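Chains as they are written, first to last, in numbering that gives the first Met the number 0: chain A, 0 to 173; chain F, 0 to 202; chain B, 0 to 146.
Treat the hints as calculated values from the structure; they're not laboratory data.
Check before you lean on any hint, since a few could be wrong.
Here are the in silico distance ranges between beta carbons for each label pair [to be verified]: (1) B:T112 / A:T80: 27 to 37 angstroms; (2) A:L104 / B:E64: 47 to 57 angstroms; (3) A:P137 / F:K63: 27 to 37 angstroms; (4) A:K74 / F:R72: 15 to 25 angstroms; (5) A:G162 / F:R138: 46 to 56 angstroms; (6) F:Q19 / A:E19: 41 to 51 angstroms; (7) A:K74 / B:K71: 54 to 64 angstroms; (8) A:E79 / F:A143: 41 to 51 angstroms.
Derived lysine to any residue pairs resembling SDA-like cross-links, with alpha carbons at most 20 angstroms apart [said to hold, decoys possible]: (9) F:K66 / A:H64; (10) B:K72 / B:H26; (11) F:K66 / F:E133; (12) F:K96 / A:Q129; (13) A:K52 / F:Q134; (14) F:K66 / A:G68; (15) F:K96 / F:D59.
All values derive from a computational prediction rather than experimental measurement.
No residue lacks a Cβ here, since even glycine has one placed at the ideal position from N, Cα and C.
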Amino acid sequence: MKTFEEKFTAWIDDQLSDAERAQFEAALPDRPAADAEKEQAHKLGAFLKEQLKTRAMANEEFFHHQLRGRIAREKADESETQSLPDLRTTWWSIRRLLWAGVTSLAIFVVCTFFVVREKQTQDQSQYLSQILNARVDPAVSPDATVSIFQTKEDRVTVLWVDGLKSLPSDYAAK
Amino acid sequence: MHTEATPAEADVSELDLVKQSQAGNTEAFDQLVSRYRTRVFGMIYNMVHNEQDAWDLAQDGFVKAWKSIGRFRGQSSFYTWIYRIIMNVTIDWLRKKQVKGAGAEFDDAIQLKEINPASRTVPKAEALPHERMEQREIRQRIDAAIAQLTPEHRAVILMKELEDMQYHEIAEALDCSIGTVMSRLFYARKKLQNLLRDVYENI
Amino acid sequence: MFRFLLVAGAGILFSNPVVTTATAAEHVWSGLVVATNVAKPEPPPAELHRLDRTLRATFGYNQFELIGQARKKLVNGNEDWMASSKHFALHVDAQGESAEGYRLNLQLFQDKTLLVETEAKLNKSSPLVIKGPQIGAGQLLLLLVIQ
C-alpha cells in the first residue's frame, strides 16, 4: 500500500495489521475527524446494505427457459462449425507451432526494446490524455457537436466543441 | 432425511458442476445458474437501475460464461470468475450507454445544480427537512447518488458493501490492481457520503 | 537455436530496469485563454510557451491572452474550482490518481450555465485543451496541464 487513500481505505475496513494501524493512526493529523469519517463510512455501508437488499428476479423459470434456448442455439452453431471436415495435413505439429510462436515473440520483444529505447525520453508518460466522454446540454446549445483529436508530436489532446452560442467580447473580461 | 451439504461438499459439488459444464452438460450449467442468478441479477440491477436491462445483461453474462467455461481453471472461486464476466458485460453496456461524441444528450439521472462559480466547494448534500422519508424516496435518492458514479466506481462500492467481497476478489472481478480498488472505494465512499448523509442520518 | 533466442530476448528485456514507483501527486495548472488574430501579436504568456505553437497550428490564432488561471493539487474524491474569470469557471471532480496522471470530471461553466461536461484522463506531458465558445472575434480555450 503506498498512497494515503489506500491506507485510509484499509484502515476503515480494518484491513491493516496491528503495526500498520498503530503507525497510520499515529500519523493522522486529526484523529477525531478521521474517526468520524470512519464512522460515517460504516454507517453508509450499513445503510446501503439495508436499503439495497437483493432484488428478486421475477419469473425465474422463464429466465432459465430463455437462457437454455440461447445456449442450445450456441451449441448448435458450435456443432455446425466442428462438423466441417478437416482436409489438411500439415508439417506444423503443436510443438513446432509453439516454438515458432515463442521465437517470434522473443524476436519481437528484442526489436521492440530497441525501438522503444530510442523513442523514450526521460520522465515522460507514453500515454496521451484521453477524453472518456463529453456532454453538452442540448437545451443550452442545441446545435453543438463534440469531437476529439490528438496531436501526437506535441502530445496535446483537444476536445473540439462546435456550435456553442457566440458571445460578445465583454465575456473575455478577467 | 435431507441434510444440507457442508461447505466442503458444496464446493466439491460446484466443482463437479463446473467440470460437467465444461464437458458440455447444459443441465449442470443450469444448476450453476440457479445458484447465482439472484445475486447476479441483484448486482446488475443496482448498477443499471432497470429491471429489463438487468435481465438482458444477466442473460448475456451467463451466455458468455457458458461459452468461456472451458477457460475456467479454478485459480479463483467460480463466483469470482463469473462475477468478472458479469461486470465486464455490465460496465461495457454502461459505458456505451453514456454519452459520447456528436449529438450528446444529458443523462436525466444526473441533476444539474445551480452553482455559484465564485464559491469554493467541497461537495455538500442538499438540505432536506428532518422528516421520515418514504422508502420509495430513499431508494430514489440512493439510485440517483449511485448514478453519479462511474461504472467502475459503482461496481467497487456495490461489491464491497453489498457482497462483502475482499479487495483481491474485487480486483480480480474488475481486472484491476488492489490499489485501484482501494482508491476507487475511497472516492466512491466520499461521494456517496456527501450525497446521502442527510438520508441515512435521518432514518 | 529457438531456445537461445528466447533466453537472449528475456535477458535483454529484464536487464532494463523499469521504474515502477508511483510519483507523488503533482499540481494541475488550468488556464482560460482567449485566442484572437491580430496584426501585431503580443508574445504569449510564460505559461503558454510550450503550447503556443500547437495552439496556433490547431486553432489558427496568433495571440493568446490568459483571462484566468489556477494551479492546484487535486485530491481524489474532492471537488474544486480551478481556472475562473468574470464569466467562466472550471469545476473539477478528481476521481482517481495513477502514476500516469489524473482521472477527472470537468465542467466548464459560463456564469451559472453548464456549457460542457467531460470525463477525461489527464496524463503527464499531455496537455488537454477544450475549445469553448466564440467570444467577439476570438475563441475561448480551456487548458489543463500536469506540472
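Is it true that the C-beta distance of K74 (chain A) to K71 (chain B) lies inside 54 to 64 angstroms, as the hint says? The hinted range 54 to 64 angstroms holds for K74 (chain A) and K71 (chain B), with Cβ atoms some 57 angstroms apart.
Measuring from beta carbon to beta carbon, are Q19 (chain F) and E19 (chain A) in 41 to 51 angstroms? holds (44 angstroms)
If you draw a straight line from the CA of K66 (chain F) to the CA of E133 (chain F), is it 20 angstroms or shorter? violated (44 angstroms)
CA of K66 (chain F) to CA of H64 (chain A), is that 20 angstroms or under? holds (17 angstroms)
Could you tell me whether the CB distance from K74 (chain A) to R72 (chain F) stays inside 15 to 25 angstroms? Given a distance of about 22 angstroms, which is inside 15 to 25 angstroms, the answer is holds.
Straight-line Cα separation of K52 (chain A) and Q134 (chain F) no greater than 20 angstroms? Given that 20 angstroms is the threshold and the Cα spacing comes to 13 angstroms, the pair holds.
Between K66 (chain F) and G68 (chain A), is the straight-line Cα distance small enough, at 20 angstroms or below? holds (14 angstroms)
Keeping to a limit of 20 angstroms between CA atoms, is the pair of K72 (chain B) and H26 (chain B) held or broken? Status holds; Cα separation ~4 angstroms.
Within 41 to 51 angstroms or not, the Cβ separation of E79 (chain A) and A143 (chain F)? Since the Cβ atoms of E79 (chain A) and A143 (chain F) sit about 47 angstroms apart, the hinted range of 41 to 51 angstroms holds.
Consistency of beta-carbon spacing, K63 (chain F) to P137 (chain A), with hint 27 to 37 angstroms: holds (35 angstroms)
Falls inside 46 to 56 angstroms, the C-beta gap from G162 (chain A) to R138 (chain F)? The hint (46 to 56 angstroms, Cβ to Cβ) is violated, given that G162 (chain A) and R138 (chain F) are roughly 38 angstroms apart.
Cβ separation of L104 (chain A) and E64 (chain B), checked against the hinted range 47 to 57 angstroms: For L104 (chain A) and E64 (chain B) the Cβ distance comes to about 53 angstroms; the hint holds.
Checked against the numbered hints above, the structure violates hints 1, 5 and 11; every other hint is satisfied.
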